[in-house]
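Trainee: Sequence:
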Amino acid sequence: MDFKASLPQGISASLLSEQDLFQIYKLCQTQPQYFKQMGQILSYQHLKHLLTALPDSGLSQDSKQFWGFWKGKELIAFCELILKFPEEDAAIIGWFMVKKSATGRGLGSALIRSLKMHLVNFKIKEIILSYSDKNYSGKHFWQGQGFEPTGEMEKYPEVTMITMSCKL
Numbered sequence: 001m002d003f004k005a006s007l008p009q010g011i012s013a014s015l016l017s018e019q020d021l022f023q024i025y026k027l028c029q030t031q032p033q034y035f036k037q038m039g040q041i042l043s044y045q046h047l048k049h050l051l052t053a054l055p056d057s058g059l060s061q062d063s064k065q066f067w068g069f070w071k072g073k074e075l076i077a078f079c080e081l082i083l084k085f086p087e088e089d090a091a092i093i094g095w096f097m098v099k100k101s102a103t104g105r106g107l108g109s110a111l112i113r114s115l116k117m118h119l120v121n122f123k124i125k126e127i128i129l130s131y132s133d134k135n136y137s138g139k140h141f142w143q144g145q146g147f148e149p150t151g152e153m154e155k156y157p158e159v160t161m162i163t164m165s166c167k168l
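Per the working numbering, the very first residue in the sequence shown carries number 1; after that it's consecutive.
Worth flagging that the hints you see were computed from the coordinates, not collected in a lab. Check before you lean on any hint, since a few could be wrong.
No farther apart than 20 Å at their CA atoms in a straight line, the calculated lysine-lysine pairs in the PhoX-like style are these [stated by the list, open to error]:
# : residue 1 : residue 2
1 : LYS155    : LYS4
2 : LYS64     : LYS116
3 : LYS116    : LYS167
Using C-beta positions, here's what the derived DEER-type ranges look like [claimed, not checked]:
# : residue 1 : residue 2 : range
4 : ASN121    : SER60     : 17 to 25 Å
5 : HIS140    : SER17     : 26 to 34 Å
6 : PHE3      : LEU54     : 15 to 23 Å
Backbone N, C-alpha and C define an ideal beta-carbon position, used for all residues, glycine too.
Input sequences plus hints: build the corresponding full structure.
Mentor: In structure tokens, the structure reads:
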């Protein structure tokens, strides 16, 4: 099934670019607790960097997809994907966020189901992500999507990131 055809009714998707920074910023403003949990300050400069940032691994920019999900002209969610990393048949969800007013209604779950279908088209067999140890609702959300802890953790001054994965 085509990725865009699998999206919830009334939702469209497009790859985001620097031209979408204002919309991304507005959506991020609806989730201030995320930045607090991560020990980060929301800024245009930080968002601009995230649009193109890749792990230090020699990956090309083609490996990165930053999807925006729209209801009409309003950005209601986005997802950063890094394909074929850390293995050829794996992908990373670097960042997934839903506008606060659109949470709690199944939209995030529906978008993740669509993204899983999309990743199968790239022969991806495993999705990996990390969440903040302070983000209890995030942990619950990802477990509901079939993700399980891998036992890996990365400690940073402000936060500990816990790794989860999901087999496709």
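Trainee: With reference to the structure, classify each hint as holding or not holding.
Mentor: Hint by hint, here is what the structure shows:
1. LYS155 - LYS4: This hinted pair is violated, its Cα atoms lying about 36 Å apart.
2. LYS64 - LYS116: Roughly 16 Å separates the two Cα atoms, so the pair holds.
3. LYS116 - LYS167: 10 Å, holds
4. ASN121 - SER60: 17 to 25 Å: 19 Å, holds
5. HIS140 - SER17: 26 to 34 Å: 32 Å, holds
6. PHE3 - LEU54: 15 to 23 Å: Holds, at about 22 Å.
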